[in-house]
Every structure is written in structure tokens, then in C-alpha cells.
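Participant: With chain A held as given, fit chain B onto it using these hints.
There are 2 protein chains.
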Amino acid sequence: MSGGAGRMSGVRDVCVVGLGLIGGSVLRAAAAAGRVVWGATASAADADAARADGFDVVDTAEAVRRARERDALVVVAVPLPAVEDVLRVVPDGVRLTDVVSVKGPVAELVARVAPGARYVGGHPMAGTSASGWQAGTAELFRGAAWVVTAEDGTDLDVLSDVLELALATGAHVVPTTAGEHDAAVARISHLPHVLAAVLASVGADGGPLALALAAGSFGEGTRVAGSRPELVRAMCEGNRSALLDAVDDALGRLGAARGSLASTGGLAKTIEAGHAARRALVDQQAAELTDLTVDLTSPQALEALRALGSRGGRIVGLNGSTALARTS
Amino acid sequence: MSGGAGRMSGVRDVCVVGLGLIGGSVLRAAAAAGRVVWGATASAADADAARADGFDVVDTAEAVRRARERDALVVVAVPLPAVEDVLRVVPDGVRLTDVVSVKGPVAELVARVAPGARYVGGHPMAGTSASGWQAGTAELFRGAAWVVTAEDGTDLDVLSDVLELALATGAHVVPTTAGEHDAAVARISHLPHVLAAVLASVGADGGPLALALAAGSFGEGTRVAGSRPELVRAMCEGNRSALLDAVDDALGRLGAARGSLASTGGLAKTIEAGHAARRALVDQQAAELTDLTVDLTSPQALEALRALGSRGGRIVGLNGSTALARTS
Chain A
1 MSGGAGRMSG VRDVCVVGLG LIGGSVLRAA AAAGRVVWGA TASAADADAA RADGFDVVDT
61 AEAVRRARER DALVVVAVPL PAVEDVLRVV PDGVRLTDVV SVKGPVAELV ARVAPGARYV
121 GGHPMAGTSA SGWQAGTAEL FRGAAWVVTA EDGTDLDVLS DVLELALATG AHVVPTTAGE
181 HDAAVARISH LPHVLAAVLA SVGADGGPLA LALAAGSFGE GTRVAGSRPE LVRAMCEGNR
241 SALLDAVDDA LGRLGAARGS LASTGGLAKT IEAGHAARRA LVDQQAAELT DLTVDLTSPQ
301 ALEALRALGS RGGRIVGLNG STALARTS
Chain B
1 MSGGAGRMSG VRDVCVVGLG LIGGSVLRAA AAAGRVVWGA TASAADADAA RADGFDVVDT
61 AEAVRRARER DALVVVAVPL PAVEDVLRVV PDGVRLTDVV SVKGPVAELV ARVAPGARYV
121 GGHPMAGTSA SGWQAGTAEL FRGAAWVVTA EDGTDLDVLS DVLELALATG AHVVPTTAGE
181 HDAAVARISH LPHVLAAVLA SVGADGGPLA LALAAGSFGE GTRVAGSRPE LVRAMCEGNR
241 SALLDAVDDA LGRLGAARGS LASTGGLAKT IEAGHAARRA LVDQQAAELT DLTVDLTSPQ
301 ALEALRALGS RGGRIVGLNG STALARTS
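Sequence lines, in order, name chains A and B. First residue of the first sequence? That's 1 in the UniProt record's numbering, and the numbers climb one at a time after it. First residue of the second sequence? That's 1 in the UniProt record's numbering, and the numbers climb one at a time after it.
Just chain A, same shape as in the assembly (with noise of 0.2 Å):
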């Protein structure tokens, strides 16, 4: 790999654009792992809080042009509306990633606003309901799942800076492309979000009675219609294209069971599918799992990593430049 000046394996300088929850937690994790971090922020309220704590907050054109002089890298940890402002400050030849819950829409951002960055896409599935700096923890993202993309032509330079950072705050990492990420995420977390609201909107139009008799099953299933509507909104919104066909998916499996159910009166194929894809995710999440490694100099190294994203595998760990990963 071709290190920029000064590099050390594991004590790349990061940068984070964005305080909130997401933000704060990767400065903290990163300060906790022995990088020397700086933060910067629209928001007064994080600024303040993050500086009580101690932190090196200053302005967002001052800490990213600080980051290129440093080859620090870049995090970007604002909603997707405000990246673009972000990206517009960039300057070219910068270590640039994300932790935004979207990545084919970041990436375009990426290539029309700030096409000089080196951009590799980030997005660690970790979160609580609540936000802001005061919500974050160095301990946000310990056993979660840290995806990174790994496009054709991808920088893998900047991919073992964000793979490095990641595993430095306790995650594994997932890689995969931004079109994939996508779609995954909004089958397995956007659409359960639609779902939820639409299940709770039936069920209380059963009025206080049905609430009364609701049990663990409409508990469970509601559970994140009780998270804040506008994080809701900006999640699902921002990944439209893809969660219109997650939930087009829904639809016809929906209309599959009404029809089924108005016609024989059965619901074997709908709830035995169910059953058996319930069954798949236990059985991945219990699998044992076989230890590989990618060759992160290797020409086939992008193939590999993808390749390895959808298997189910993760990368565990870091040897030099080659990513120790581990797969069912």
C-alpha cells in the first residue's frame, strides 16, 4: 500500500465532521484507541458539550483542511441533507468516509460535490433512540456491524484506514457496495421501521380494547414506531429508491396472504416461508463460523472483500495489509 506521510498502521489522525450521537461516539471511540482526534459541528449545543469533555472542536472548514495537511482522515457524521455542504469544503486528495445510513446517495454527492476526495463509504449499524453528543459512548459500536464499500476502483488505502478505524472501535466490518447496502438495509431495517408504523396504526384503530389485549407480539412488533418520526423519516427517505422495492416485496407477500386467505382460507405458504426465512437468520447469527484472510495488495482484493460481504462474512481483525475475516 502506498501510506501517506507519517503513516503508521493504526495511528492515522480522524477528523469527525458531525457531533451527534453517531459523530461523538467515533471521536470518543477513536480517542480511546490512541488516535489523535478533532471534531467540528454546526451545532453550538454538541460544539459545547463535546469541549466540556475535552475534545478539540473547531470549524468545519478549519478541521478538514487541517485533516488534508495532517492525512488525517475524514469522517462525515451529519444527515444526509447536510453532507453536501460538508463535501463542499473538502479540499481534493482527502481521506474522506461516512457513517451516513445510506450509501449510493452519499456517493453521488461525493462525485458531483468533492470528486477530488478519497471516498470510501462507511455506515456502522449502531444506534439507541436517543441523539446528540450527550447520547454518544466510546462503546457505541463494540459488536456491531461496520459496513464499508468496496467499489470497483475503490481506494484501498483509505478502505484500511476506515476498516482500521472501525475495528479500532470495537466492530467488525462488512464489506460490500453502496447498491448493495442499500438494498439490504431496506429490507432488513427500513422496512421493518414502515412495517412497524403501519402495524401500530391498525392495531389502535382496534381502539383501547385491542390496546388492552395487545401482548408481546404487537409489543415487539411496534417497539420502533416509538423512535423519533423526523431520524425515522430521513432514514427511510434517504434510501427511496431502495425501500420502494423492499416494500413493493412486502406488498405481494401481503396480497399473496389476503388472497390466500380470502380463497382457501389457508395461510400455509406465507407462514411457513416466514418460518424458514426466521430459521435462516438464527441459524447465520448461530453458524460456526471458518477464518479467512484478503490480501489487501492483491489486484483481486475488491472481488474478495465483496465476495465476502455476501457470504455473510465480516473482517475481524487487520495483519499488515491483510484483512483476517471470518465466514459461515
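Just so you know, the hints here were simulated from the structure itself, not pulled from any lab data. Do not take every clue at face value.
Unchecked claim - Below are the SDA-like pairs computed for lysine to any residue, each with C-alpha atoms no more than 25 Å apart in a straight line:
no., chain 1, residue 1, chain 2, residue 2
1, A, Lys269, B, Arg223
2, A, Lys269, B, Arg233
3, A, Lys269, B, Ala82
4, A, Lys269, B, Pro81
5, B, Lys269, A, Asp205
6, B, Lys269, A, Gly207
7, B, Lys269, B, Asp249
8, A, Lys269, B, Ala130
9, B, Lys269, A, Gly252
10, B, Lys269, A, Gly219
11, A, Lys269, B, Gly252
12, B, Lys269, A, Lys269
13, B, Lys269, B, Gly216
14, B, Lys269, A, Asp249
15, B, Lys269, A, Arg228
16, A, Lys269, B, Glu220
17, B, Lys269, A, Pro229
18, B, Lys269, A, Leu244
19, B, Lys269, A, Arg233
20, B, Lys269, A, Leu231
Please read all numbers here as calculations on a predicted model, not as lab measurements.
Facilitator: Then chain B, alone, in the frame of chain A:
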């Protein structure tokens, strides 16, 4: 109230037909509450296991004959498809309730097959994913809602029997009609199973990558898809008509979300309605309750009971012929 021979509050004998998870738990809980109990079951395994635990298990015809003789309460605790065979041997005049998860179809069967029985429908909203005698416990109903049907013409003396039994097991009682019960559970119990199956299938269609990224919302939203398919089918298919209405509501709401996302890119209405609905659930569960009483000898008793249920209220005690209730 016109009590039966030997009637003393709280000491009516109990005969349970069907000794699986629910029936076996009713038998144990009634015995633990000091009642004379006996049971019957078509399952030799459940019969042997119940006898081994010291319970009196006889054949079904003998069990219900003895119930008529002693003016006991018969509790039908077999799956819906087996209810008709039990009803065929029920003597005229017997005090009869059931614990089947759907009430309209059972009431229709009773009217057709055992019109001479003094029937009041019941449904304890409790269960686990396990089944059979061995899975039952005397504590299964503690804190659970136990629905009791209060139709025009319902025998208030038998309703009081069911109420006493339910309260003796530690449950609270929600009075309503068979139709309202079936509509409510379609929304808060059966639809959640159908949506969980749909969500699990759409997620698994995303392959190992999607399942590797699945976190809280998908795990929770699909958990009940892990229940035994034959039990879920029996429950959902048994409530076909009401479930069709609930599925149609869900299809309408999901279709509206799809249309809005496709046309304007927005999900405000869906997500905000879902959030308000979830809040209604949480608020109702956290609401301060006020006490009220229902005089079961009053000509308006059935109406008062139904009104209590539609307000989300419940009966928590019985003092002679006065039901002690709580409502928000």
C-alpha cells in the same frame, strides 16, 4: 344470582377438557386455587403426564357427565378443529366456557351442536412457544388479560363462574363480545404474525449479506415468525374473517406509504401515524387507573361490562356479585 346446587363463591369444581399448554395450566391453576378439578384429553401422552403429576384424568364423556352432576364449570381447552367433537358429548344445562383464541366460531359451534349448554366464551391472552401438558404451569395466567364474552342474553351466573376462575388464576378479566374480541385480536395478535412472516421473508430474500446486517428492528419484528407454523396457522386461519379486515387495513396503509414514497419521496403520514399509535399503546399501559364497580345482578350488567371492555378496562376482583374493575 341463581346459584347451582352446592354453589359457594370461589369453590365451584372445574372440569378441563384438553390438557395441553393452556388447558393443563388452567387445571393446575384451578387446583392451586383450592378447587376440586379433573380433566380429560384425547392425548395419551398428556393424560399420562397429568396423572403422573397427581391429577384426576378421565375420558371426555365421563368428565362432562360428572361436571353436569356436580354443577361444575367445564373448560374446553382443545384446538378449534377439535371443539365440535367435545361439544357433541356436553350434556344440556352444563356450565361451559372455553379458552380457544377465537370466539365467534366457537359461539357458532355451541349454538349449533350444544345449544342446551350454559355457555360463556373465554380467552386467556397467555402462552409460550412450547406446547403440551409439560409446558404448562399454574402461574401462566398471572397478570394476563382473560377475555370473557358478554353478549345480550349471556348467563350472568356462568359469567361469574368464569370470572372467578380467571381471577383465581391471577389473570384480570376483559369483558367484550365475541365479534369485538375477534376483531381486536386480529389486529394485535394475528396480523403481527402475518407481518412478521412477510418481513422475515423479504429480509431473507436479501441473502446472507442482509441477514448479516440485521439488527434490533429486524430481530424483534420477525421473532414471532419463529413460532410453530401449525399453531400460527390454526390461530390465524381460525379468525379468517376478522383477519381479512385487518390485513386489508394493513395493505391499504402500506400501499399508501408506497404511493407517497414513490410520488413525493415522503413518508410523513405513515411514520407519524405509527408513532402516535405506538404512543397511544404506551400511554394506555402507563395510564393511572380509576376504580369502578359493576353490579352483576343489575339488568344493565352486560351493557356495563361491554362498556368497560371497550374503554380498555378490566375486572380485577369480585366481591359477592359486584365486579371490581379498573379503567383509565
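Participant: Hint by hint, note whether the structure agrees.
Facilitator: Consistency of the hints with the structure:
1. The suggested pairing of A/Lys269 with B/Arg223 holds, with an alpha-carbon distance near 18 Å, which does not exceed 25 Å.
2. Restraint check: the Cα-Cα separation between A/Lys269 and B/Arg233 comes to about 10 Å, which is no more than 25 Å; the hinted pair holds.
3. About 23 Å separates the Cα atoms of A/Lys269 and B/Ala82, which keeps this hinted pair within 25 Å; it holds.
4. The straight-line distance between the Cα atoms of A/Lys269 and B/Pro81 is roughly 20 Å, inside the 25 Å bound, and the hint therefore holds.
5. A hinted pair counts as satisfied when its Cα atoms are at most 25 Å apart, and B/Lys269 with A/Asp205 qualifies at roughly 15 Å.
6. Between B/Lys269 and A/Gly207 the alpha-carbon distance is near 19 Å, which keeps this suggested pair within the 25 Å criterion.
7. Restraint check for B/Lys269 and B/Asp249: the C-alpha separation of about 15 Å stays at or below 25 Å, so the hint holds.
8. The suggested pairing of A/Lys269 with B/Ala130 holds, with an alpha-carbon distance near 22 Å, which does not exceed 25 Å.
9. The suggested pairing of B/Lys269 with A/Gly252 holds, with an alpha-carbon distance near 22 Å, which does not exceed 25 Å.
10. Proposed proximity of B/Lys269 and A/Gly219 is supported: the alpha carbons are some 21 Å apart, at most 25 Å.
11. At roughly 22 Å between alpha-carbon atoms, A/Lys269 and B/Gly252 fall within 25 Å of each other, so this suggested pair holds.
12. Simply put, B/Lys269 and A/Lys269 have alpha-carbon atoms about 31 Å apart, too far for the 25 Å limit, and the pair is violated.
13. Taking the CA atoms of B/Lys269 and B/Gly216, the gap is about 24 Å. The hint holds against a cut of 25 Å.
14. At most 25 Å may separate the alpha-carbon atoms for a hinted pair to count; B/Lys269 and A/Asp249 meet this at roughly 21 Å.
15. Straight-line distance between C-alpha atoms of B/Lys269 and A/Arg228 comes to about 14 Å, which keeps the hinted pair within the 25 Å bound.
16. Between the alpha carbons of A/Lys269 and B/Glu220 the distance comes to roughly 22 Å, so the proposed pair stays at or under 25 Å and holds.
17. With a C-alpha separation of about 10 Å, the suggested pair B/Lys269 and A/Pro229 falls inside the 25 Å cut-off, and the hint holds.
18. For the proposed pair B/Lys269 and A/Leu244, the alpha carbon gap of about 16 Å is at most 25 Å, so the pair holds.
19. Of the pairs offered as hints, the one joining B/Lys269 and A/Arg233 holds, with about 10 Å between alpha carbons and a cut-off of 25 Å not exceeded.
20. For the suggested pair B/Lys269 and A/Leu231, the alpha carbons sit about 14 Å apart, so the restraint of at most 25 Å is met.
Checked against the numbered hints above, the structure breaks only hint 12 and satisfies the rest.
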